[in-house]
Every structure is written in C-alpha cells, then in structure tokens.
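Protein sequences, first through last, are from chains P and X.
Plus 7 on top of the position in the first sequence (first one is 1) and you've got this note's numbering.
Plus 1 on top of the position in the second sequence (first one is 1) and you've got this note's numbering.
Take the hints with a grain of salt, since some may be wrong.
Taking lysine-lysine pairs in the DSS-like style, the calculated list, with each CA pair at most 30 Å apart, reads [what the hints assert, rightly or not]:
hint	chain 1	residue 1	chain 2	residue 2
1	X	Lys-810	P	Lys-56
2	X	Lys-555	P	Lys-24
3	X	Lys-412	P	Lys-56
4	P	Lys-12	P	Lys-24
5	X	Lys-555	P	Lys-45
6	X	Lys-810	P	Lys-24
7	X	Lys-810	P	Lys-29
8	X	Lys-657	P	Lys-12
Covered by chain P, according to a simulated footprint, are these stretches of chain X (three or more residues, beta-carbon under 8 Å) [claimed, not checked]:
hint	stretch
9	351 to 364
10	506 to 520
For the record, the hints were derived by calculation from the structure and aren't laboratory data.
Keep in mind that this is a model prediction, so the values were computed, not measured.
Yeah, the Cβ is synthetic: ideal placement off N, Cα and C, and Gly gets one too.
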Amino acid sequence: MKLLKAIIRPSKVDEVKDALAKLNISGMTVTEVRGHGKQKGHTAIYRGKEYNVSLLPKMQVEVVVTNTICDEAIRAIVEAARTGEIGDGRVFVLPVEQSYRIRTGEQDV
Amino acid sequence: MNTGSAAAQLDDARRNVGSDILAGESGLSALERYTAYIDRDLQRLYAAAGAVEGGVALVALGGYGRRHLCPYSDIDLLLLFGEPVGAAGEQVLRKLLHPLWDAGFVVGHQVRDVGELDGLEVDNPEFLLALADARLVAGEVALRNRLQAAFDRPAVQAQVLAALQELAEARHAQFSGTLYQLEPDLKDAPGGLRDIAAARTIAAASDPALLRRHGDAAALAQAEDFLLRLRTLLHLERRRNDNALGHEMQERIAGLLAYPGPSSRQQVESLMADYFSHARAVARALERIRRTAPVPLGVNLGRTRDGVQFIDEQRAALHPESWPAVFQAALEAGTPVADGTLECIRRNAGEASLASLLPTSGHRAGLVGMLRPRRGLYARLSEMHDCGLLGRLVPPFRSIVCRVVRDFYHKYTVDEHTLQAVRNLERLITAPDVHPRFSALLHEIDSPELLVLALLLHDVGKWRDEDHAVESVRMAEGFLDELPLPDGGRETVIFLIRHHLQMSQVAFRRDTEDPEVVRQFAVLVGGEARLKMLCLMTFADVGAVSPDTLTPWKEELLWRVYVDAYNCLTRQYADDLIGRTETAARECIARRPADLTDAEVASFLEGLPRRYLQLFDRRTVYDHVRLARDIHPDEVHLRLARAHASWELTAVTLDKPMLFANICGVLSSFGMDILRGHAMTTPGGLVLDVFQFADAERFLALNPGASDTVLHAIEDVVAGRSSAADRLRGRLRGLRRRPSAPVTPIVRLDGDVSRRYTVLEIVAADALGLLYRISRGISERGCEIDLVLIATEGQTAIDVFHITRRGVKLTPAEQQELTAYLQHILEDEA
Numbered sequence: 008m009k010l011l012k013a014i015i016r017p018s019k020v021d022e023v024k025d026a027l028a029k030l031n032i033s034g035m036t037v038t039e040v041r042g043h044g045k046q047k048g049h050t051a052i053y054r055g056k057e058y059n060v061s062l063l064p065k066m067q068v069e070v071v072v073t074n075t076i077c078d079e080a081i082r083a084i085v086e087a088a089r090t091g092e093i094g095d096g097r098v099f100v101l102p103v104e105q106s107y108r109i110r111t112g113e114q115d116v
Numbered sequence: 002m003n004t005g006s007a008a009a010q011l012d013d014a015r016r017n018v019g020s021d022i023l024a025g026e027s028g029l030s031a032l033e034r035y036t037a038y039i040d041r042d043l044q045r046l047y048a049a050a051g052a053v054e055g056g057v058a059l060v061a062l063g064g065y066g067r068r069h070l071c072p073y074s075d076i077d078l079l080l081l082f083g084e085p086v087g088a089a090g091e092q093v094l095r096k097l098l099h100p101l102w103d104a105g106f107v108v109g110h111q112v113r114d115v116g117e118l119d120g121l122e123v124d125n126p127e128f129l130l131a132l133a134d135a136r137l138v139a140g141e142v143a144l145r146n147r148l149q150a151a152f153d154r155p156a157v158q159a160q161v162l163a164a165l166q167e168l169a170e171a172r173h174a175q176f177s178g179t180l181y182q183l184e185p186d187l188k189d190a191p192g193g194l195r196d197i198a199a200a201r202t203i204a205a206a207s208d209p210a211l212l213r214r215h216g217d218a219a220a221l222a223q224a225e226d227f228l229l230r231l232r233t234l235l236h237l238e239r240r241r242n243d244n245a246l247g248h249e250m251q252e253r254i255a256g257l258l259a260y261p262g263p264s265s266r267q268q269v270e271s272l273m274a275d276y277f278s279h280a281r282a283v284a285r286a287l288e289r290i291r292r293t294a295p296v297p298l299g300v301n302l303g304r305t306r307d308g309v310q311f312i313d314e315q316r317a318a319l320h321p322e323s324w325p326a327v328f329q330a331a332l333e334a335g336t337p338v339a340d341g342t343l344e345c346i347r348r349n350a351g352e353a354s355l356a357s358l359l360p361t362s363g364h365r366a367g368l369v370g371m372l373r374p375r376r377g378l379y380a381r382l383s384e385m386h387d388c389g390l391l392g393r394l395v396p397p398f399r400s401i402v403c404r405v406v407r408d409f410y411h412k413y414t415v416d417e418h419t420l421q422a423v424r425n426l427e428r429l430i431t432a433p434d435v436h437p438r439f440s441a442l443l444h445e446i447d448s449p450e451l452l453v454l455a456l457l458l459h460d461v462g463k464w465r466d467e468d469h470a471v472e473s474v475r476m477a478e479g480f481l482d483e484l485p486l487p488d489g490g491r492e493t494v495i496f497l498i499r500h501h502l503q504m505s506q507v508a509f510r511r512d513t514e515d516p517e518v519v520r521q522f523a524v525l526v527g528g529e530a531r532l533k534m535l536c537l538m539t540f541a542d543v544g545a546v547s548p549d550t551l552t553p554w555k556e557e558l559l560w561r562v563y564v565d566a567y568n569c570l571t572r573q574y575a576d577d578l579i580g581r582t583e584t585a586a587r588e589c590i591a592r593r594p595a596d597l598t599d600a601e602v603a604s605f606l607e608g609l610p611r612r613y614l615q616l617f618d619r620r621t622v623y624d625h626v627r628l629a630r631d632i633h634p635d636e637v638h639l640r641l642a643r644a645h646a647s648w649e650l651t652a653v654t655l656d657k658p659m660l661f662a663n664i665c666g667v668l669s670s671f672g673m674d675i676l677r678g679h680a681m682t683t684p685g686g687l688v689l690d691v692f693q694f695a696d697a698e699r700f701l702a703l704n705p706g707a708s709d710t711v712l713h714a715i716e717d718v719v720a721g722r723s724s725a726a727d728r729l730r731g732r733l734r735g736l737r738r739r740p741s742a743p744v745t746p747i748v749r750l751d752g753d754v755s756r757r758y759t760v761l762e763i764v765a766a767d768a769l770g771l772l773y774r775i776s777r778g779i780s781e782r783g784c785e786i787d788l789v790l791i792a793t794e795g796q797t798a799i800d801v802f803h804i805t806r807r808g809v810k811l812t813p814a815e816q817q818e819l820t821a822y823l824q825h826i827l828e829d830e831a
C-alpha cells in the first residue's frame, strides 16, 4: 500500500476528487495547508504598497491506495490538478506498512 | 399691603399654625392652611402689579410649592415672563417683591423668561431641583405649562436626578453620612425633610411605582408629618428659620407635645426615639429608591441596574411605535434591555404590524440607523428576536425562525446563523486587532448599516430548500420598499443578498490565479464600495457557519480575491471601453428619456470605460449626456448639487491641459475637501470629471449665490483668466497647518498592468490642495491624465491616475523621474 500526499490548488480539489472516484478511490483526507514550493510565494500590491505573500494557501489530499493502482492514481491526480502554471503543486508517495479498521479491528490486506 | 397690619396678620397666621399642631392637628394640614394664607397675599400683590407684554406666572418652588411652608421658611418663587424682561417687567417685579420684603419675608426669587427654558438642563442644579415642586400661585397658566413641558424633557430629568444625587451626597457628607445626630438638623440631616423630597423627586422623575414598593410612600408621609410638626414648633420657638433641633429645643418641644415621662430627660428620649425611628425609615427609603431608580433616557424609558426598561409598561403596551426605541437606547447606553420590558413586548408583539411599529418615515429611518455595527448589536438583536419583535420589524425574518438546515457545515439554525453573522461584523469593531485587514475595510464603508440589513435578509429564502438567494431577494424587495434608504442603498442591499455566495465560491472553489476569473468577478461587483461590502459580508457569513469554518487559510484566500479584484477595479479598467454593441449601453440608449436622442446617448458613452455604467445609474448618465450637449472647445459645462452630507461637482469639457489640476485647485481654494471622485476621458477627447467634496466651512450652505461663485471661479481658471495656484496660495497662507496623519507617502508607477496607460497609485496623508499639487506635478512633467479615481479613507488619500506622455505609456526612465518628482512634492507636504 502507498500513501499519496498531494499538495494542490484549492480550486482543484473537486476535480481531483472526481478523478479518484473514477478509480473507485473514495476515501480521502483533505486538509487546508499553507506553504510554498520553488517560487517561494510572490509579491502582491495593495494600494500602491507591495507585500510578500510567502505562504500560499493550498489543499493537501491524502489517499491510501494499493500498489496495483498506485501509478494510475498518481496519474489521475496530476492530470486533474494541472493548469500548466507555476504553483500547481506536488504529489508525494510514501510506503504504508499496515492499516487497521478501527470499528472492527480488522487489518486491511 | 399695609406693612404694619400685614406683619400683625402674618404673626397671627404663624401662631395659628402652632396652636393647631399643639391641638393635635397634622403638620401637613396645618401648613397647607398657612401656605394658602401666603398664596392669597401673593395673588393680591399679583393683581395689583399690573399687566406686562407676554404675561407673567408667579410660581411657588421647593417647600412652598409643596405647600409645606413652615412659619419662618424662605418663600422661594419663580417669576416667569412670556417675553424678555423690559422696563414694564421690572415694574411688575418691584410691585411683587418690595411688599414681601417690607413684610419681613425672606424671598428666594428667580426671574426667567420662557426663551430661557430651552437650555433648562444647564441651569443651576438647586434651581432645577426646586422646579420639581413648581406650583402656579398666580398668573398665566400657559407659561406654567411651558415650564412643565421644558422640565419634563428627558435631558432635564436626567440632569435633575444627577444634581439630586450630587447634592444629597454633599449634604450627607456634612453630617458624616449618619442620621444619628444628637442635635439633628430637621431639614438637611440624613433622614430629614430634604431626603423625603429627594426620594419623591427621584421616583417622580424615574418611576413613580418605586414609592409603592416596600411601603415607602406611607413611611415617608408619616415621617414628613412628624418632622414638619417639629420644624413648625422649632420655628415658632426660635422665631426664625432655624432647623437645628438642639438639646434645649428638644426639651422644650418634648414638653409642648406632652411626651410621656417623669422627667424632661425621659420626655426628650421618647421624642428622639420617635425622631430616629422616622429618620431611619426616610434614610432607608431614599437609599432603596436611589439604588433602584431608572435614569430617564426618553419618553417612558429609563435605565436601571437591570438594563433599559419601560417606566410604565401599560402605557408602553399601547404604543408599539415606542418599542424599537428601547433597543436603540440600550445600544447607546451599552446595557441590556430589562427582562420585564422584554416580557411586556413578548406579551404584545404578536398583534403588532409593521405599520404600528414603524408608523412614520422617522421611525423607519430609526430602525435602519439602529443597525449600524457597534458593540452590543448582536445582543440587542437577539433580545429583539427572543421577544418576537425582530420578526415583526423585519417580516421576512419570520420565515427562518428556528429553521433547521441539515448539512455537514452549519452548526446553528438559520436565524441564529444570521445573527452570528451580524456578531462577526460587530467584532470587527470591538476587537480590531483580531482581523485587522477586515476591520479596516469595515471602517471604510459609508453606510455599514446596509451591510447589516443585507445580512439580516440574506438567508430568509432558506425556508425553501433550493436557490435560497433568489428567494431571499424576492422576499426582501417588498420590505426594502418600506425603508428610507440612501440613494442606491436598496440596489446595494439587493445586490449583496443576490450574490452573497459569489465571493466565497470564487475564493474557495475557483482558480483565482487565473486573471480572467478575477476579472469576471470584478465585472460582477462593478465598484470598490460594493466589493468591500461583499467581502465583509462573505467574511461575516462564512464565520457564522460554525466557529471553525473561517480558518486563517480561508481568510487568506478571501483577502487575496479582494485584493486582486480591487486592483482589477482600480488599475485595470482603463482598457475595457464601452462599445456601441455593449448590452448595457444598448439598454441605456433604448430607455433614454424623450428629450435625448439615440445618437446623443451613444456618442457620449462610446469610449468611456465600461466601469462608467456600473458607477452611475441611468438617471445620472442621462444628466451627464445633457451636460455634454453642445460643448465647444473653449467651454466647460458644470453642475453643482448637494449629495447627502457632501456636494457633487460634475464637469464636462473637451480635453485641456491641466484641467484636472485646475478644478482640484479651485475647489481647494474654497476650503473644499475632495473626498472621492472619478475623471474619465474618451479617445475622442471628451472629459467627464465628477468630484464629491465636503464643505466643512459651510461656504455653500451659508452664502446665497456661493454655488455660482465657485462655478465662475472654475470657468475663469479653466479659461486662463485666473490661476488656481494664486487662489490656493492665498488660502494656504491663512490656514493653520494641521498635524498630518502618520501616513508614509507611497508613489508607485506600473507600466504593465494596463495596455494603454501607465498606472500611478498614490497613498498619502490627506491635506488641503494635495490632489491639486499631485495632478499639477504630473502635468508639469509633461504627462496627460486620462483617468483618475479619488478616494479618501479617514485621514488617508488614495488616488489612482492613468497617465500617458505624448499619447503613449511612460518609459522606465520617465517613470523613475516622475516618481522622484512626486515623492519630492509629497515629502514637502509632510
């Protein structure tokens, strides 16, 4: 199993969710996060005054998938979240050793 | 009055009072008879004094007014004249007062004319207190009624109560605050006659029912009778106005009143036991009444420790139009509305119609004014809601009372969500450091009460499950027709309700880094004022979904959309021009009034920024078209009109160098403070400038023909017959320099944001002539000003100029040079 951690634009959450649903991946955790990538934020101007917006609002989508559909899920996220502009985000892939269902205590295979 | 016989008769009358009391008659009735005797003397004097223009009223004050005149008490009188006192009035005064003085009376007299009653609340406190017992002895009833009406004003009543509290404190302090005096002063000591009068005055001025509680009325009446008997005997024994019951007099009076006991010492002990018993009852009653008496706040309204309340609930129940005033008074006093008053409204609100609650436009304007965001607004609206009044005053609100919405986000019923949204606005005022950017925005809104009104109505359509914004608008429209809103206010409220979800959808669901998304949103909003209101509405609305919904993350997204849309509206609108095929322009042409032609309207609009049609309603557009009619190169067509608290100057002309600077200079030379405005130029050279300015010195309001003077001055300067600089120089010489607000001046030029223009933004401390100096500076560097947005936020001027040089954008070197030049001007200013 893999944990996919995608940092994406807030406006792309629904599209990513729909793309994952098409792969029958319905469970996910979505978190509001702030950060910056290579571009380290940008400068905004309000009433003639420049101010630095260094931490940009992003969404973090986390899904756990089986190894068999991992690549497909990554592709779905990347395609759904892409605009082609700087700031589209990242997908991180982490290994998951075990997973348990709290209600029943059973271990996911 | 024959002095000798009058004195003898007076002695007889005084002796009779003493005899009656010793014969067992009550002090009160004996003194009433003596007072009536004095009244008759005064009435005779009045009849003999002759007439005076406007009439005169002879009014008894204080103890004499209460008919408690003791034998050697001063006679306190008010001589109230219908006209200012002239020679004839002086004559009347002499004829009234001299015989009294000759007869040996000590007369405490006040002379006033009715004109002076307007400022009664600032009259001397002792006089105000004495008026509480004013009684007409002789003369004009109408004057007495005028006096009563002036005295009954809440401001006067509040002043009477304040004076009473202060004087009572000072008086009690003279006796170390204790009633247990071995030789008490029957009038002034704690528990004495003055305290009885004070208790009654407080009750009369605040809540007459106070005396009925705890049996105080009876206790005060018994104490008063006892004390008046002692005081009368004391006066007769001492043959003067002496109120101190010393040891010697205690023995004498105890004997006269036949107090039981084998020795005079025991008789005195019995007398003083009675005295202390009565004085204690008086002191307790006064203390209780002082503690619980409401401070008068308005007609039938007072403030107690429990909050603002009706003085007379039965009367209030019959006057539903008085109910909203309770909440207004509570907002102003910073206290809740008392439970009893809420209960009274709750019992009666079910039958109240909007017409009965807000019968006049004044009442309806009062409701709108009450909605201004401030400390306590949420709490007062919640009280109104709890007692059923809010739904009666804002009928659409009734549809969402306890309305449950099932979703994953909302934590409250729709009505409470709405009130929580109002609370979020209130918190921007009361806790400005928590969300400082949004707090600052709220302070920039001209009519923040419209925002609260929109919030109260934004979800009323949620009684339906779908498309609630549309339904909310439908329900709000009829209600808004009933309210006297400022020009454009109704449209603004409707806009905010209709689009209250739009900004959060753009901020949280759309890609705001796409300029087209921001542009479309800016086009929808149309102007900075509405943008600010919609942003604040979104902030308040999202924050009211649940305590955790408006995260710092969402707040940041919302702010970014606001800034991007603001920049779009102020810096990027110049390339977006009105074309003949534009829908809004076609509509404007189609609905033109009969005195205009299609061609006139079309040629006026063509080439103006599209923003123009969003800034001005159609009626104003047509006025502009008329003003532009038959304009020739050397002319400037002007119109000056009032616009609420400020003035609006509209100027139409064909492009001229320094035009904008010259108009600013002339307005400043008359001391006008330019608050906001727009200057627009079409590619064809038509110039439309609209300035809103404040006339702090009221030059236009106070001087007949002043409007023409200003307009002629502008025409002269524009035509080159006089100089704006000279006019302004004279003005500035006579001006005491005000300390500038701590605003660091910003000059920023941007050559990228617009296709056709270099955009210059200036933020600086507002000052007289600032706009003139900036625009003159721009022109002096060879630049043309095509578009200008002027805004003033508090002490800060925020101006955006769209400029070119020789018809094209400025080069980087020219930008640098202009920046340095303007910086220099602004630093000189600071």
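List, from low to high, the hint numbers that the structure doesn't satisfy. 3, 6, 7, 8 and 9
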